[in-house]
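Number of protein chains: 2
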Amino acid sequence: MSRTKTLANLFNAQSIAVIGASNNPCKASHQIIKTMLREEYKGRIFPVNPQRKDVLGLPCFSSLRDIETSIDLLIISVPAESVFEALKPASSRKDIQGAVILSAGFSETGLADRINLEKSIASFAKKTGLHIVGPNCIGLINTDNKLCTSFSPGLKLRPGSLGFLSQSGAFGGSFLMLAGDQPEPLGFSKFAHVGNASDVSMVDILDYYGQDEQTTTIAMYLEGVINGRDLLDKAKQITSKKHVFSLKVGKTERGSRAALSHTATLAGSDRIYDAAFKQGGIVRAESIEELLDAAKASSKMPRPRGNRLCVITEAGGPGIIALDELGKKNIMHLASLQESTKKRIKELLPSMAVICRPEGYIDMTAAAMEHEHAEVLRCVLEDDGVDSSILISVPPTYLPAESVASAVADVVREYDKPVAVCLMNGEAMKAARCQLEQANIPTFDTPDRAAKAVENLTRASMSLNRMS
Amino acid sequence: MSRTKTLANLFNAQSIAVIGASNNPCKASHQIIKTMLREEYKGRIFPVNPQRKDVLGLPCFSSLRDIETSIDLLIISVPAESVFEALKPASSRKDIQGAVILSAGFSETGLADRINLEKSIASFAKKTGLHIVGPNCIGLINTDNKLCTSFSPGLKLRPGSLGFLSQSGAFGGSFLMLAGDQPEPLGFSKFAHVGNASDVSMVDILDYYGQDEQTTTIAMYLEGVINGRDLLDKAKQITSKKHVFSLKVGKTERGSRAALSHTATLAGSDRIYDAAFKQGGIVRAESIEELLDAAKASSKMPRPRGNRLCVITEAGGPGIIALDELGKKNIMHLASLQESTKKRIKELLPSMAVICRPEGYIDMTAAAMEHEHAEVLRCVLEDDGVDSSILISVPPTYLPAESVASAVADVVREYDKPVAVCLMNGEAMKAARCQLEQANIPTFDTPDRAAKAVENLTRASMSLNRMS
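Respectively, the protein sequence lines represent chains A and G. Following this note's numbering from start to finish, the first sequence increments by one per residue and tops out at 451. Following this note's numbering from start to finish, the second sequence increments by one per residue and tops out at 451.
Hints were generated in silico from the structure; no laboratory data involved. Be aware that one or more of the hints could be misleading.
Unchecked claim - As a list, the in silico BS3-like pairs of lysine-lysine whose alpha-carbon atoms are at most 27 Å apart:
(1) A:Lys329 / G:Lys10
(2) A:Lys413 / G:Lys139
(3) G:Lys311 / A:Lys10
(4) A:Lys311 / G:Lys311
(5) G:Lys110 / G:Lys217
(6) A:Lys217 / A:Lys109
(7) G:Lys400 / G:Lys311
(8) G:Lys413 / A:Lys17
(9) G:Lys312 / G:Lys219
(10) A:Lys10 / G:Lys413
What the hints assert, rightly or not - Below, a sample of chain G positions facing chain A; criterion: calculated Cβ distance under 10 Å:
(11) Ala11
(12) Ala108
(13) Gly112
(14) Leu113
(15) Ser135
(16) Gly193
(17) Leu331
(18) Pro341
(19) Ile375
(20) Thr429
Said to hold, decoys possible - With beta-carbon atoms standing in for the labels, derived distance ranges:
(21) A:Arg27 / G:Pro8: 55 to 61 Å
(22) G:Tyr398 / A:Ile255: 40 to 46 Å
(23) G:Glu322 / A:Gly93: 52 to 58 Å
(24) A:Ala(-9) / G:Ser386: 39 to 45 Å
(25) G:Asp393 / A:Ile255: 43 to 49 Å
Cβ coordinates follow ideal geometry from the N, Cα and C atoms, glycine included.
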């Protein structure tokens, strides 16, 4: 069976055994069972712990041998020194296809005996054909069947089209939280944190996401990989079909030294990764927010046909901030509007409005009400010279943001072009932003983040075009 | 009377007349009176409008001449073509010291007659000695007496030590909203948006903030100034006593062309501003968030004695992100801890913890509970080789963030050193972050923002040292 097929089976496990299941709420094993019960995991859960009769209302088994039902996936949460013993019985059963080892205390400690312990696990995986995720990880989430081995607080398993993989558990958990905190929470299809990657690697997960039908956008947090060539090859295949975004840390001397202590991987020269990402069609994000924004843009918006962008703003300062951001890399071309489009826009706006100075930039001024927001956007989207648009507004007290949102959503619905919106007054804009995002129009906190998101969406779409 | 003294009188106006006062909630003049009534402005408000008997329950006057009480400040909100007529009677009275002109439609339109209209206003100001803020502005806020000519929705006038000045009204309003949306809303002392700056300039406001006792930190949004030398001279004086942070837009060719259309000021070569800021001790921020974070850091934390920083993290990935940010400019020095400090920390943490690899960096690992967070921080703050610290944590389900917050706050209280905290799980962390900020410990959404904030605080404090 291919590695991706086995990974598919692990993500879609219909029955799991949790070794080290506990009634102590301070234990990860307790929290993950609790989460799966709350989220109504579609498979069966078998807690295993010789010292317990039941865990969270489920009957508890004293050993794996006592479970007569077929088991697809083991989840191991016992002290490091007991992990190998817990894993061994899996090989004598024919049903188990893999294990997630949550326990920490292996090669990341830098201690010789712990490094050897991890090596034994890796050899065991090779010998038996079991696929092992971890150790030192938070493992897998599938929002379809609600399998979840993560113990981040406040996690919600909202389905979506984003596959996320992370080389840091804490980063992975935080990313999912941030995604859930968007005006309309951003869903995801799969999540994976491979920890020390003794067996299943980041590249394996990436490969699987490439083939997973529920995943159309991929985002990843990367510290470094051992086999860069492998990553590059897989990336090339995937980015011809799907958008792939990555935050790669260890950019600086200081950062890469900390990465070495963390996952014991050499972060490697940052320029090599830059070049490999470019070649592989992976779009690199420079911060958590940028990664999230790109993932949101890709999850919600149609793919742009080119890089010709029109920026519409209701306020000068925020408009300049967007242009400054776009001017850093000059990937986006400020669209040249047709004379007829300019004429129509001029008729809509007061004389003080700034139309196409510079080209592809419209400052409607603070006199613009919901009607002007919507109709100027319509003129822009109807212009064949425009591939995408950013709309920035700071609605004053006398202009309800919700009215702007519904007028804008009505227009965007009619055109198959990406439109990103920035409504700038913080919490006061939340309801309007939620309304827009429910209509699949992504919204952003600041004009530079909106600009960056459209730029990254366009870069990723250019990768698709290059390959197909 | 000096310009700063007159500006002080405008900010502290004990009576104001609002020309163009209206009962129509869509009008700016209506909204500002409503805000001042709600916030209990400490002076008297005289609405002026020949077509009204009263506005929002206040008796309305048909002309300025009918008001017998002394007036300190005029607020004008009538169409551009009527502004000069509204302004004129002010000169025949001896009481009025200045005016805020909210109306738009002047030089920003690029139309010859409107440019001339603005010139007449400027000449009038020179001739009469009246200080004019605007036109095309949202004017002034003083959180002490609750004077407020801004019409941003959801605005709260929470007092604080931050003086904010903006060359964009929309940006200014948004900045105040963002400040108000912090876990513990960030207060401010004064706000000013000078619009087209026909008379009162950004430099005038900066000068006044430099002398205002309620303002200890200054933040500004800048597109460009006419007299750069003047800005530099004032900045030099002020930054020897107070922290000054600035976002300067028009960084790129595209951005500066939009700035030209916006406030008709040449953004100028960006490198010249960079050099001038450096010489003047102004710390430049590159985004809205960075400006806000610097302002928050400066408002809440003690001034660091030097640049020796220790980063403490509970999670590897987020720790690396902080080090990457610090590695970009290498302004901060990663602190060398004393051997005795390292030994104490080693006793507190499990064997897998990473202590000072690299130097000045501690990864406590996810096993760290509230006690470890607090006591490791204590060891670090007690070390004479440390000037400031960043604490990053992604509390798992079994570690209540509130317990971490109170344990950490108890330790920080004992030492006079800046500590910035990043608690990384979004909304779920809000209560804990609020608790920390109420104890004057600033919190940040991401490790890179925390790192940048401490770096900017340190840069600003180095300016103070350089000058004194």
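Verification of the hints:
no.: 1; hint: A:Lys329 / G:Lys10; in the structure: holds (24 Å)
no.: 2; hint: A:Lys413 / G:Lys139; in the structure: holds (17 Å)
no.: 3; hint: G:Lys311 / A:Lys10; in the structure: violated (38 Å)
no.: 4; hint: A:Lys311 / G:Lys311; in the structure: holds (17 Å)
no.: 5; hint: G:Lys110 / G:Lys217; in the structure: holds (25 Å)
no.: 6; hint: A:Lys217 / A:Lys109; in the structure: holds (22 Å)
no.: 7; hint: G:Lys400 / G:Lys311; in the structure: holds (24 Å)
no.: 8; hint: G:Lys413 / A:Lys17; in the structure: holds (23 Å)
no.: 9; hint: G:Lys312 / G:Lys219; in the structure: holds (23 Å)
no.: 10; hint: A:Lys10 / G:Lys413; in the structure: holds (24 Å)
no.: 11; hint: Ala11; in the structure: holds (7 Å)
no.: 12; hint: Ala108; in the structure: violated (22 Å)
no.: 13; hint: Gly112; in the structure: violated (30 Å)
no.: 14; hint: Leu113; in the structure: violated (25 Å)
no.: 15; hint: Ser135; in the structure: holds (7 Å)
no.: 16; hint: Gly193; in the structure: violated (23 Å)
no.: 17; hint: Leu331; in the structure: violated (16 Å)
no.: 18; hint: Pro341; in the structure: holds (4 Å)
no.: 19; hint: Ile375; in the structure: holds (9 Å)
no.: 20; hint: Thr429; in the structure: holds (5 Å)
no.: 21; hint: A:Arg27 / G:Pro8: 55 to 61 Å; in the structure: holds (60 Å)
no.: 22; hint: G:Tyr398 / A:Ile255: 40 to 46 Å; in the structure: holds (42 Å)
no.: 23; hint: G:Glu322 / A:Gly93: 52 to 58 Å; in the structure: violated (19 Å)
no.: 24; hint: A:Ala(-9) / G:Ser386: 39 to 45 Å; in the structure: holds (40 Å)
no.: 25; hint: G:Asp393 / A:Ile255: 43 to 49 Å; in the structure: holds (46 Å)
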